[in-house]
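Just so you know, the protein sequences line up as chains A, B and C, in that order.
So for the first sequence, our numbering puts the first residue at 80; every next one is plus one.
So for the second sequence, our numbering puts the first residue at 742; every next one is plus one.
So for the third sequence, our numbering puts the first residue at 5; every next one is plus one.
Keep in mind that the hints were calculated from the coordinates and are not lab data.
Beta carbons: idealized from backbone N, C-alpha and C, even for Gly.
Honestly, I wouldn't trust all of these hints.
Which residues of chain A face chain C? A few of them, derived with a C-beta cut under 7 Å, are [claimed, not checked]: (1) 318; (2) 319; (3) 323; (4) 330; (5) 331; (6) 333; (7) 334; (8) 337; (9) 338; (10) 339.
Computed footprint of chain B on chain A; a stretch qualifies when at least three of its residues, placed anywhere within it, have a C-beta under 8 Å from a C-beta of chain B [unchecked claim]: (11) 108-115; (12) 253-262.
Computed far set for chain A versus chain C, every beta-carbon distance over 12 Å [unchecked claim]: (13) 83; (14) 300; (15) 419.
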Amino acid sequence: MKLARRIYALSIIPIISVLLALLVGAILIIVTSPASQGELDLLLPIKAYEALLEGATGISFLNTDDGALAFAFSIDPDRAARALTSTLVAAGPLVLTGLAVGVGFKAGLFNIGGTGQVLVGGIFAALAGAAVAEQPVPVAVTIAVLAGALGGALYGFIPGALKAFTGAHEVVVTIMLNSLAAFVIIGLVNDIFKITGPTFARTADVGNAILPVLFGRDGNVGIFIAFAMVPLAYFLIYRTTLGFEIRTVGANPSAARYAGMSPRRLIILTLSMCGMFAGLAGAIVILGPSLGYYPAVFGTTIGFAGITVALLGRSHPVGIAFAALLLGGMNAGAPAMQIEADIQREIIDVIQGLILLFLAMEVVIRRLLRVRAESIAPEELQTVSASYGQGSTT
Amino acid sequence: MDFLYQIPVLGFVFQIVGYLIDAVVNTNLAPQTLALATPIALGAMCGVMNERSGVVNIGIEGMMLTAAFVGFMAAVIVDDAMPDAQPSAFFGFTPALLVGVLAAIGAGMLVSALHAWMSISVRADQIISGTVINIIALGLTSYLNRTIQPSGSAGTFDSFHPPEALVDLPIVGWIFNMFLSQGPITMSVIVIVIILQVLLFRSRWGLRTRAVGEHPRAADTVGVNVFALRYRNVILGGIFAGLAGAWLTLEFNASFQNGMTANRGFIALAAVIFGRWTPIGAFGGALLFMFSEALGVAIRSNPPPGDLGVWLSGIQASYPSIYNNSFSALPYILTIIVLAGVVGRSIAPAAVGQPYVKEGAH
Amino acid sequence: MTQIVTAPALEMRGITKRYPGVVANDGIDLEVRPGEIHALLGENGAGKSTLMNILYGLATPDEGEIALDGNPVRIAGPSDAIARGISMVHQHFMLIPVLSVADNILLGEETMANPIFLDRNEAHRRIVELGKRFGFEIDPEVKVGSLSVGWQQRVEILKALYREARILVLDEPTAVLTPQETKEIFEVLRRLAAEGHSIIFISHKLYEVLEIADRITVIRRGKVVGERVPSETNEDDLAALMVGRNVQLIVDRGESHPTEPQLVVTDLRVADDRGHQAVKGVSFDVRAGEILGIAGVAGNGQDELVEALTGLRKPASGTVELGGRDVTGTGPRDLQKAGMSFVPGDRHRFGLILSFPLEDNLVLTQYDESPYSRGFLRNDAAIHERAKQAIAEFDIRTPSATVSAGTLSGGNQQKTVVAREFSRKLTTLVLDQPTRGLDVGSIEFIHKQVIAKRDEGAAILLVSAELDEVMELSDRVGVMYRGELVALLDAPTAEREEVGLLMATGRRDQAALAEATTSMTADLHLAEGGAQSPTTGSDVPPPPPAAANDDDGSPPS
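So that you can see chain A by itself, here it is in the shape it has in the complex (with noise of 0.2 Å):
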């Protein structure tokens, strides 16, 4: 009962923020249905949300097939399988995202970087997947995730040393960063690492490096890396002495001190490690069976999703894997919609910053709806901004 009621407490914000964002994508898919239905259609959020609901789990409840609206609740085994696969592959990358926010959160960090650090560890993966190809495949991917991992931690390792010993804030530092892992990347994968043949460039095949598919048509090895770090997240923070010294440094950077830690070390720690959870997602990514290959033009959002997820998950490792299945089970629910109900998939995108949006906004949403729920912004995020506007933090 204690633990239903505190489940209740740390989730009813996240559901409400998550309908919310559902109404208001709603209205939107309606405001826009003359556009892309030729009339304006008041029925249409529920055959798009049908259809992306179809897209990520294969539970139908609409049958559409005479024009007309029925209440027609089904499951294809077939679908349900594919769809849950592809709801598990999208998650995949964002659970890791997720935590590369909520764990530098936990030390009072802001780690914006997650794009750039996907990147880095993607192109990290490629490479050394490259290297490894002709490898046995338990060694290849072994060597190749692991290159992809410390190509993000090292991409995390220079906001945290930036901060750690001249004060310079990791919010802008990793914005800066972010832009710079773009175009360093897209100038050595076009002119050093672009291999002769594909018709755009890319760089060489990881060949036995790829992720293994276990089950279905992409299920794929990356899916068990990613959650497996959700228990190994939640351990470090909450059950090591060294978690008990991140959350410490990000409560109180003076108090860590006088305790006898070093708020440097565990900065540039810190960074590290939330730039080795993006290494990760890039790795898994670029390893993933539909690429296996870096391409010079790869642009993702997930680094910024990972910000949606952290806060969504409420920095919790368990609640931002929650977090990134629901934002994976829109992401690969998308295509269906825009198939079936021709709404464009970038309205996921929309609905997603409305999610953040709305958890952002939860102090007016618990005045307005009278609900008593736990605040939603990690205490530390009060030692990020704050810090903005100071040289240094030791």
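Please build the complex by placing chains B and C on the supplied structure of chain A, with the hints as guidance.
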């Protein structure tokens, strides 16, 4: 002159300086730089307005993108409604373009108002508020652009053509060329920057703005309304982000593409930091950043003479992509260097990022 | 002194202000006459600041009324108060360091050349003129951040005068000043009063109040408990009023049996945050089984000394030995392992993580030691067990061990710190302001624990700005003045007056006595180049960082 280039090391410097002077004075490098710097500088003015009053704004990118889309759509709609309107001789003004600019400004202010409300009243985390704006702006404009698929275009503003005699003046002609051979939004930048600089440091509004950004409680105790001033400044800052968006779709391009701001909002943020939160400094940062970009293009078509040219042409021939992207990456590297205090530290207004809570209002 | 009776400049009648669970002001009456320096005396938390916040429009009273010159008024907010001629010099200055003196003074009351632009020339002229009138020359162009604390206070006073304030409230104005700066400010205040300004002087320092005030109102627990005229009262009388009983809290400290020197400090020099030398060659030792008290006016290098001893700040030179081992420059962790415990002065900044559960706070400095950790893992069971034990042993009033530390009262928070630091294996104990801002019950409890530790054989260094506390607990008393240890006395024989004199002047001869008692003519100069005031010299230690202020009955948020 050639003998100067023969001196070891120093000759290399002479070559670079000589080439730069030649490029600035005799080519279109200067006006191109100013034009490219326009959205950066305008975005940076939005940033200065926000951060000087104590509100972090990393949502400039999203504000610009929204304004670019709204301005473009408004112009197209008016253009469709009034197909017979003829461009005026003055910058090629048409009713459509004028409405487009006003709509872009309105959009910029509206998004800024959201940011102001989130940051000041809701007291949400300001970095998250900016992120929300970036994510929603990119998603929403892309969604609407694909759904509506606007056809046609309202064209662009014309550049002003200063008298040939002025441009051809020796030594100073390029300056006239730089500031006068421009469209209306680009020309307005220099005026906006100077006005903001003077107001920020000489007016009552400026004093109060700086006070509110540094120590809002101190300002409050002498009767300055912190909330009202922050609201006003953040919303007015939206005008500049709006103009930057208008420049993208109504002056520089005649169309809208998804994500067309292409990180300009983030370079604007960099310019704010680079310019130490002053309008003139941020403008200088924008010019410097875009000069490197424009120079990269200029060198490609017109390589410098001597060893330098051979060297650069060599790099460019072997590594064209690295060559091009290096110039684009430069602003970010420079900003990180400045942030790290390698060449003099840039320190933000002290209260930036902290929502103000009145005393006793627990 | 006789007062001409006129309508009071300010009259506050029956002011009552309630916060959840506390009555901060309970029917307070206050009357301030024109040209009067009126002291408001009371302990931390007595309700002084709440009353002044009400006067300044920062808080609304639940009951009571305010009259200015006999006319009832309702003060809506700071701007309203300013418009009515009330100005406030806050304890934590409301100055903006990066702005110039002139800009700080102008803010909110700008002198305009036209509707848009400031008239800085005219403003400068007025500021310089105003300064001269009250005995100091000030450069309006200097950035406030580069001024010494004493000069910053003058800028605050100029701010009030620029607004033509008639009633000037100064909240603990001397807390951060050196004795010399205090004298200078008093001179300014006397001139202001002579010109007809009314001054409300908030303080809990008895001798200051006796020196400067025309009348004294004493409040305790939100109520006025007495009104006095300095000529008809003395420190003992005021202290009894302020605390509500005989202040000489008698601690049964028994006999001490000191043995070997445990903490030995030799010629220690420490720089402050701005690079100035704050501790200038201090040497002393603390023996096992004794309490060495360090007295001194805040800001005379005690903070830097404590930070250097506990590993939070690297000393510039000198040595620190702990149990015969050189530990100079080692970090907090190594010192803790070597047997040192430290109760920091600012428990909110250093001693506690307010958002963490009480049980985590109880192991904050031992979290990685057995049994609270096993290898790299936390042992939650042991931590929980320890918390239950500490709560019982130290009488920490809390609903459970898992509530966050921020929800506890100040006294219970400090008991938490004490429970943690006193329970570890220790040979040396450094106590920095261990009872600041606490209620009397908690103070007594903590004092007893300190004596118990001494009797167990710990070497204890007690640093406190509360002279009474130092005198009561210590076996020996050292006095810090301008970064130096100017005296080391045996507590049982030391006279309180003698120590007070040392604190104020660094000397104890007849000349010092004269200096401390006679009012000096102002010899105030321009702060050259915007650096420190020449009257205080460039080597004067700066003020301590803003201290955690438990003042007033406002509830913990």
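Next on the checklist: According to the definition I'm using, a residue is off the interface if its beta carbon is farther than 12 Å from all beta carbons of the partner; does residue 419 of chain A meet that for chain C?
Outcome noted: Correct as stated: the minimum Cβ-Cβ distance to chain C is 47 Å, above 12 Å.
Next on the checklist: Holds or violated: the hint that residue 331 of chain A contacts chain C, with Cβ atoms closer than 7 Å.
Outcome noted: Result: holds, 5 Å to nearest chain C Cβ.
Next on the checklist: Quick check for students: does the CB of residue 300 of chain A sit more than 12 Å from each CB in chain C?
Outcome noted: 28 Å, holds
Checklist entry - Does the nearest C-beta of chain C fall within a distance shorter than 7 Å of the C-beta of residue 337 of chain A? => result 4 Å, holds
Checklist entry - Any CB of chain C closer than 7 Å to the CB of residue 318 of chain A? => result 6 Å, holds
Checklist entry - Against chain C, with CB atoms and a cut of 7 Å, does the hint on residue 323 of chain A hold up? => result 5 Å, holds
Checklist entry - Can the stretch 253-262 of chain A be counted as covered by chain B under the rule of three residues or more with Cβ-Cβ separation shorter than 8 Å? => result Since 7 is at least three, the answer is holds.
Checklist entry - Minimum Cβ separation between residue 83 of chain A and chain C greater than 12 Å? => result 18 Å, holds
Item to check | Interface hint outcome for residue 334 of chain A [beta carbon to chain C under 7 Å] | outcome: For residue 334 of chain A, the interface hint holds, since the closest Cβ of chain C sits about 5 Å away, which is under 7 Å.
Next on the checklist: Please check whether residue 338 of chain A passes as an interface residue: C-beta within 7 Å of a C-beta belonging to chain C.
Outcome noted: Nearest chain C Cβ about 5 Å off; hint holds.
Checklist entry - Close enough to count: is the Cβ of residue 339 of chain A nearer than 7 Å to one in chain C? => result 3 Å, holds
Checklist entry - Taking the closest Cβ pair, is residue 333 of chain A under 7 Å from chain C? => result Holds: closest Cβ of chain C sits about 5 Å from residue 333 of chain A, inside 7 Å.
The structure shown violates none of the earlier numbered hints.
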